[in-house]
Amino acid sequence: MTRAKVLAAVALIFIGVPWAVAVPAVQQEDDKQETQKPEAWQQEFDQVCSKTTDAMSLTVDELKSLVQRCDALEPRIEKLDESRRKVYSRRLKQCRGLYAYVLESKNNEKK
Amino acid sequence: MHRKSWLTVVLIVVSCSPLVAQVGGKKRRPLPYEFGSVTISTYSQRASMAPVVFEHWLHRSMFTCRVCHVDVGFAMKPGASNIKAADNQKGYFCGACHNGRMVANGRTVFAACKKLVKEEDAARCDRCHSLGKQVPVEYDFNQFAKSLPKERFGNGIDWQQSEELGLIQPSDFVPGLSIKRKNLRVENDFSLNSKVAGMPDIIFSHRKHTVWNGCELCHPEIFVGVKKGSTKYSMATIFEGNSCGACHNTVAFPLTDCQRCHTRPVQP
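Those protein sequence lines, which keep their order, are chains A and B. Numbered per this note's numbering, the first sequence spans residues 11 to 121. Numbered per this note's numbering, the second sequence spans residues 11 to 278.
Source of the hints: derived by calculation from the structure; they are not laboratory data. Nothing false has been slipped in among the hints.
Here's a subset of chain A near chain B, in silico, CB distances under 7 Å, partners left out:
no.: 1; residue: Asp56
no.: 2; residue: Ser60
no.: 3; residue: Thr62
no.: 4; residue: Thr63
no.: 5; residue: Asp64
no.: 6; residue: Met66
no.: 7; residue: Val97
no.: 8; residue: Arg100
no.: 9; residue: Gln104
no.: 10; residue: Leu108
no.: 11; residue: Tyr111
no.: 12; residue: Glu114
no.: 13; residue: Ser115
no.: 14; residue: Asn118
Computed cross-link-like contacts, DSS-like style, restricted to lysine-lysine with a CA-CA straight-line distance of at most 27 Å:
no.: 15; chain 1: A; residue 1: Lys116; chain 2: B; residue 2: Lys242
no.: 16; chain 1: B; residue 1: Lys100; chain 2: A; residue 2: Lys89
no.: 17; chain 1: A; residue 1: Lys116; chain 2: B; residue 2: Lys218
no.: 18; chain 1: B; residue 1: Lys218; chain 2: B; residue 2: Lys237
Think of the CB as a built atom: it goes at the ideal place given N, C-alpha and C, for glycine as much as any other residue.
Build out the structure end to end from the sequences listed, making use of the hints.
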């Protein structure tokens with residue numbers, strides 16, 4: 011084995027080992043973020059869908075904003091594990107559906 | 011001739027029997043404790059378990075329809091939620107309450123599915139996976155119904171009056187899933203004209219319905235359109251399980267109880 015080859019092998023080890031260690035660490039960080047994410051989406055979900063009881067007293071602009079926030083939440087809920095996805099996608103659909111329904115009703119009143 | 015007539019009778023019976031089988035006999039009216047029960051067999055049999063028999067009467071005596079069909083996320087049609095044991099184990103669907111921690115009616119609610127099932131768990135599994143089994147009941151229907159206002163059909167219980175009199179206090183909140191919200195603003199009642207001459211009109215009470223259902227359980231999933239008349243329905247479609255029939259042929263008082271909805275005196 012030439013000296014150059016030995017040097018190349020050593021260099022590879024020095025570069026490769028930290029890289030191999032770093033990748034799972036990044037992965038773990040991603041997983042951690044994944045477990046933290048639900049907090050953010052959950053908070054947003056709770057805020058958005060807590061207004062269904064007084065949907066009729068909301069303004070057209072408020073309703074439009076809520077529908078948009080529901081639409082923005084949808085892809086985040088789709089990424090959840092199966093159990094939560096099944097529950098929360100249905101809940102989001104119901105909540106969005108109601109806001110859109112009331113919005114349509116208010117728009118019809120204006121006409 | 012005598013022999014020929016016998017042959018004719020036999021031929022008629024044989025030729026008609028497939029027709030009878032196709033059309034089916036008259037559906038047996040469920041007994042009061044059976045009314046509203048739902049059989050769920052999405053994955054049970056694949057796991058060599060008996061299908062689940064869900065008793066609506068027991069659950070609706072403690073919880074509103076909304077809390078289960080909105081907050082917990084149960085679909086309105088049996089099997090449509092695609093529930094797996096893993097969902098229950100994680101605290102969703104049945105596991106939202108059946109977690110071995112929640113207390114209802116002064117009793118700890120037994121836990122639903124477990125990852126590892128031991129022999130001693132069999133009796134607990136059977137409490138839900140009970141189709142075709144003689145499972146000892148913890149809540150007796152007749153005992154429960156005894157003190158409640160009576161109704162002619164369905165469970166034989168006037169649930170609405172029971173709630174109004176405070177004899178039952180269905181909870182509208184499940185910890186961990188329900189959101190704290192403002193009190194519900196109830197919309198006005200309205201009338202629906204009967205399409206049959208001589209049949210009294212319907213007075214639809216938003217108040218009576220929202221107590222149990224909130225808004226988002228019915229709108230827009232069951233009643234789609236905003237404009238009056240945009241949801242097309244007739245008694246035929248209602249009997250098929252659409253609009254009012256989504257609940258009033260399954261769990262709420264049945265459609266055979268005409269006078270509960272058609273309450274307004276006939277207009278001269």
